[in-house]
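Trainee: If you want the building blocks of each chain, they are given just below.
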Amino acid sequence: MTRQEPPFEPAPPRATPADHATRVSRRGLFKGAGAAAVSAALLGARETLAREAAVADEVRTQGPGLVPITLRVNGEERKVQVEPRTTLLSALRLRLDLTGAKPVCERSQCGACTVWLDGQTVYACSVLAVEAEGREVTTVEGLGTPSDMHPVQAAFCAEDALQCGFCTPGMVMACAFAVKQHGKDLTEDQARAAVAGNLCRCGTHPHVLRAALRAAKGE
Amino acid sequence: MKAFTFVRPRTVDAAVAALAETGGAVHAGGVDLLDRMKEHVDEPSHLVTLLDVPGRDAIALEDDGGVHLGAGVTLAALAENDVVRRFLPSLAEAAGQAASPAIRHRATLGGNLAQRTRCGYFRIASFSCLKRGADACPVRAETGVQETAAVFANEPCASAHPSSLAPVLQSLGAQLGVQGPKGARSVSLAEAWRAPEKGVAGDLALAADELITAIVVPPRTRPQRVGYEEVRQKAAFDWALVSCGVRVELDDDGRVSDASIVLGSVAPTPWVATAAEAALRGKAFGAEPIAAAAKAATQGATPLSGNTYKVRLVEVAVRRALTRALEGAKGGAR
Ligand SMILES: Cc1cc2nc3c(=O)[nH]c(=O)nc-3n(C[C@H](O)[C@H](O)[C@H](O)COP(=O)(O)OP(=O)(O)OC[C@H]3O[C@@H](n4cnc5c(N)ncnc54)[C@H](O)[C@@H]3O)c2cc1C
Ligand code: FES
Ligand code: FES
Numbered sequence: 001m002t003r004q005e006p007p008f009e010p011a012p013p014r015a016t017p018a019d020h021a022t023r024v025s026r027r028g029l030f031k032g033a034g035a036a037a038v039s040a041a042l043l044g045a046r047e048t049l050a051r052e053a054a055v056a057d058e059v060r061t062q063g064p065g066l067v068p069i070t071l072r073v074n075g076e077e078r079k080v081q082v083e084p085r086t087t088l089l090s091a092l093r094l095r096l097d098l099t100g101a102k103p104v105c106e107r108s109q110c111g112a113c114t115v116w117l118d119g120q121t122v123y124a125c126s127v128l129a130v131e132a133e134g135r136e137v138t139t140v141e142g143l144g145t146p147s148d149m150h151p152v153q154a155a156f157c158a159e160d161a162l163q164c165g166f167c168t169p170g171m172v173m174a175c176a177f178a179v180k181q182h183g184k185d186l187t188e189d190q191a192r193a194a195v196a197g198n199l200c201r202c203g204t205h206p207h208v209l210r211a212a213l214r215a216a217k218g219e
Numbered sequence: 001m002k003a004f005t006f007v008r009p010r011t012v013d014a015a016v017a018a019l020a021e022t023g024g025a026v027h028a029g030g031v032d033l034l035d036r037m038k039e040h041v042d043e044p045s046h047l048v049t050l051l052d053v054p055g056r057d058a059i060a061l062e063d064d065g066g067v068h069l070g071a072g073v074t075l076a077a078l079a080e081n082d083v084v085r086r087f088l089p090s091l092a093e094a095a096g097q098a099a100s101p102a103i104r105h106r107a108t109l110g111g112n113l114a115q116r117t118r119c120g121y122f123r124i125a126s127f128s129c130l131k132r133g134a135d136a137c138p139v140r141a142e143t144g145v146q147e148t149a150a151v152f153a154n155e156p157c158a159s160a161h162p163s164s165l166a167p168v169l170q171s172l173g174a175q176l177g178v179q180g181p182k183g184a185r186s187v188s189l190a191e192a193w194r195a196p197e198k199g200v201a202g203d204l205a206l207a208a209d210e211l212i213t214a215i216v217v218p219p220r221t222r223p224q225r226v227g228y229e230e231v232r233q234k235a236a237f238d239w240a241l242v243s244c245g246v247r248v249e250l251d252d253d254g255r256v257s258d259a260s261i262v263l264g265s266v267a268p269t270p271w272v273a274t275a276a277e278a279a280l281r282g283k284a285f286g287a288e289p290i291a292a293a294a295k296a297a298t299q300g301a302t303p304l305s306g307n308t309y310k311v312r313l314v315e316v317a318v319r320r321a322l323t324r325a326l327e328g329a330k331g332g333a334r
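Protein chains in written order, with this note's numbering: chain F, 1 to 219; chain S, 1 to 334.
Hint data in this document are derived by calculation from the structure and do not stem from the laboratory. Since this is a predicted model, take the numbers as computed values, not measurements. No residue lacks a Cβ here, since even glycine has one placed at the ideal position from N, Cα and C. One thing to keep in mind: the hints can contain errors.
[Said to hold, decoys possible] With a Cα cut of at most 27 Å, we get these calculated DSSO-like pairs of lysine-lysine:
1. S:Lys-295 / S:Lys-283
2. F:Lys-217 / F:Lys-180
3. S:Lys-295 / S:Lys-234
4. F:Lys-79 / S:Lys-38
5. S:Lys-198 / S:Lys-2
6. F:Lys-79 / S:Lys-2
[Unchecked claim] Covered stretches of chain S (in silico footprint by chain F; criterion: 3 or more residues with CB under 8 Å from a CB of chain F, positions within the stretch not fixed):
7. 4-14
8. 26-36
9. 47-55
10. 101-109
With the sequences and hints as input, model every part of the structure.
Mentor: Take a look at the structure:
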């Protein structure tokens, strides 16, 4: 699917100290800022109406009832009906039967629901499903399959990096992100930082770190 | 979570208009807001999201040397962006230590400054809380859970302000860009807070239909050093127990001409350690005045019986942050 409603346009070129030509004006950040207030004060009723219509054009609303959306999950388009309050985690587990990501705290405080949104780790319990439309969602199921495992999944098996397994899908997604970011140069400190937001009550962390490093080195 | 309408404006004007019209809540990364909604502490009928507003995540070096940060910049971007790392190193450091990687990918700067206190009485609907309309703050009661509560200005409410970025930005003299129905205004972060009041949940003095659009750090006018330190219970994935951002201006003889020392998580809003600042002014910047300033930072503390240890942490955090500023001669150029 092509992105019809990008969540936001790419940021203007980032100015670096050596790149004075691309500096962005302070006032130019949000185009049209202040225009509504000016219009209310200065324009006649007709213009105000036109302005209101323009503002209406600038807003889209969803819900509170069911909204049909198309999610792109693990490279596949999936149509689902969700309420705006449905989290991405609920949509994945309850509507799409992708139960890899786990609901544990549902408060951004454990990491069991870690997935990738546009290639970056996020907690699916704090993302709304409607926000994920038009973006790429990757879950542990999309990383690899039992017969064709991602190097991190294979390394988790080789290093015995799980016990009860509840934190494992999140751990795998966090480690795979670190491997993607740092490649074979991944250090133990970087791996440690990468899983800082993934709690394990069974105490698998030492094995998880070994698995991440093994996967990074391509062993 | 109660059902709500998701309103997706594409401009700041439309967002402000939608807030005024619906009485809804601003949604950015949702890390803080959705938590409160899941606990039924907040039950807005509409969420007005900023996610579709272009340019919300811009970071730019201004012509005058100031740095402009869009309200939608993520904590991950603050930690990694070259402009922030080079010109606002204490901010990059604070952002890189906050929460966890997955949260930093989502959490925005605007949401971080406007996040509500972590006080358990505030966050759990079945408890009573002054900020949610009760007559008294249960933290202050003899039976109150007080460990992480405020040790300064903790009457009538002992909630601690959770942001570890706010003290750094305030030490750097940051300005908030705010947009409302009457237009845009700019307010210094130092003057943007309001003390707790019965029934007022937010700690920023913003109207319900006002938005933070940007945070601007002004250019430095003289040589200065900056530093950031925090003390936390866990090494990561938690809020700080005490955080501290400092900025020290030096004259040609290496004497302190001005100092800004701001603490987080010790008062209901970011706390300016004025006695510590005074203890540094006019002194040759070094270990002795730093120790004196750190001690002075505890002046006026009114700890509760359950959190006297936090006063000691204030001293430690201020000493460490100032020592970082002293050592970071080159790194802390701005
Ligand atoms: C486990 C954990 C650890 C954490 N550790 C730290 C830490 O160490 N240091 C720290 O500072 N924080 C920490 N946080 C808090 C986190 O950084 C904030 O929750 C986050 O930054 C909020 O940003 P958001 O974009 O998700 O905001 P949202 O949840 O979308 O919004 C938060 C609040 O701000 C309002 N808001 C958002 N944007 C704007 C705007 N532009 N204008 C006006 N109002 C607005 C919303 O209405 C809402 O009330 C932690 C959080 C978790 C879950
Ligand atoms: S379930 Fe999402 S972080 Fe715990
Ligand atoms: S393996 Fe059981 S929680 Fe990590």
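Trainee: All the hints need checking, so say for each whether the structure fits it.
Mentor: Now the hints, each set against the structure:
Between Lys-295 of chain S and Lys-283 of chain S the CA atoms are separated by roughly 15 Å; this keeps the pair inside 27 Å, and the hint holds. Restraint check for Lys-217 of chain F and Lys-180 of chain F: the C-alpha separation of about 12 Å stays at or below 27 Å, so the hint holds. Only pairs whose Cα atoms come within 27 Å are accepted, and Lys-295 of chain S paired with Lys-234 of chain S is accepted, the gap being roughly 25 Å. With a C-alpha separation of about 25 Å, the suggested pair Lys-79 of chain F and Lys-38 of chain S falls inside the 27 Å cut-off, and the hint holds.
Of the pairs offered as hints, the one joining Lys-198 of chain S and Lys-2 of chain S holds, with about 24 Å between alpha carbons and a cut-off of 27 Å not exceeded. For a cut-off of 27 Å, the pair hint linking Lys-79 of chain F to Lys-2 of chain S stands: about 24 Å separates their Cα positions. Coverage of the region 4-14 of chain S by chain F holds in this model, with 11 residues showing a Cβ closer than 8 Å to a Cβ of that chain against a need of three. Restraint check on the region 26-36 of chain S versus chain F: 5 residues with Cβ-Cβ distances below 8 Å, three needed, restraint holds.
Under the rule that three or more residues need a Cβ within less than 8 Å of chain F, the assignment of the region 47-55 of chain S holds, with 7 such residues. Taking a C-beta to C-beta cut-off of 8 Å, the region 101-109 of chain S contributes 5 residues in contact with chain F, enough for the three needed, and the coverage statement holds.
Hint compliance for this structure: no hint is broken.
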